[in-house]
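**Q** In my numbering, each residue carries its 1-based index in the sequence shown increased by 982.
Quick caveat, the hints were computed from the structure, so don't treat them as lab data.
Mixed in with the good hints, there may be bad ones.
[To be verified] Straight-line distance between alpha carbons at most 27 Å, and here's what the computed DSSO-like set of lysine-lysine pairs gives:
(1) K1028 - K1006
(2) K985 - K1159
(3) K1068 - K985
(4) K1110 - K1159
(5) K1093 - K1028
(6) K1146 - K1028
(7) K990 - K1146
(8) K1068 - K1106
(9) K1146 - K1006
(10) K1106 - K990
(11) K1006 - K990
(12) K1067 - K1093
(13) K1068 - K1093
(14) K1146 - K985
(15) K1110 - K990
(16) K1106 - K1159
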Amino acid sequence: MFKGLVLKNRSTRKFHQEVAINRKTLTELVDLARMSASGANRQTLKYYLSCEPERNDIIWRHIGMDGNPPEGQRPSAFILVLNDKKLGTFAAALVDHGIAAQTILLGATEKGLNGCMVGIIQRKELLKALNLPQRFDIMLVIALGQSHETFVFEELDADTQTVKGWWDEKGVRHVPKRRLEDIIIG
């Protein structure tokens, strides 16, 4: 059951933008992250929720996503993962934001949604555009929606350096993965 969630949880870049996600769903996903592990239990993360087209558009203009999906295939919602510097240092959140984001994405997958962690962010500009206080550092943006993509896994040879995924002529996303026996040492 858990393995099924992990296998379905792909970094989706293209969505059915018309399929709305409500604030209640976003709040439920953040609640999962809230209950997840936190380094030294510092709990320095805060979350900015967006499911309105106008705010989504502001966020969209300040991030970069592979595949550059056109209007109509963009995310229906976003969750910004923020570190509150009043509660702790940036270093404390370096692990926490990954734990929180993966928890949110697995929760989204369980709800029939997909998402993508976005790290290409115009951070200062986005804070200003959303009128957020400077005490926050944007760690990640999580794009969410119902997937418009089909995925297949591609097995890599042990010494392959290129791991970038690709879309074929039918729009299927190919996701290269190393073999289990090639990543276990000893």
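**Q** All hints are to be evaluated individually against the structure, with a verdict given for each.
**A** Structure-based check of each hint:
{"no.": "1", "hint": "K1028 - K1006", "result": "16 Å, holds"}
{"no.": "2", "hint": "K985 - K1159", "result": "15 Å, holds"}
{"no.": "3", "hint": "K1068 - K985", "result": "37 Å, violated"}
{"no.": "4", "hint": "K1110 - K1159", "result": "38 Å, violated"}
{"no.": "5", "hint": "K1093 - K1028", "result": "22 Å, holds"}
{"no.": "6", "hint": "K1146 - K1028", "result": "31 Å, violated"}
{"no.": "7", "hint": "K990 - K1146", "result": "18 Å, holds"}
{"no.": "8", "hint": "K1068 - K1106", "result": "18 Å, holds"}
{"no.": "9", "hint": "K1146 - K1006", "result": "35 Å, violated"}
{"no.": "10", "hint": "K1106 - K990", "result": "33 Å, violated"}
{"no.": "11", "hint": "K1006 - K990", "result": "23 Å, holds"}
{"no.": "12", "hint": "K1067 - K1093", "result": "32 Å, violated"}
{"no.": "13", "hint": "K1068 - K1093", "result": "33 Å, violated"}
{"no.": "14", "hint": "K1146 - K985", "result": "23 Å, holds"}
{"no.": "15", "hint": "K1110 - K990", "result": "35 Å, violated"}
{"no.": "16", "hint": "K1106 - K1159", "result": "34 Å, violated"}
In summary, the structure is inconsistent with hints 3, 4, 6, 9, 10, 12, 13, 15, 16 from the numbered list given earlier, while agreeing with the others.
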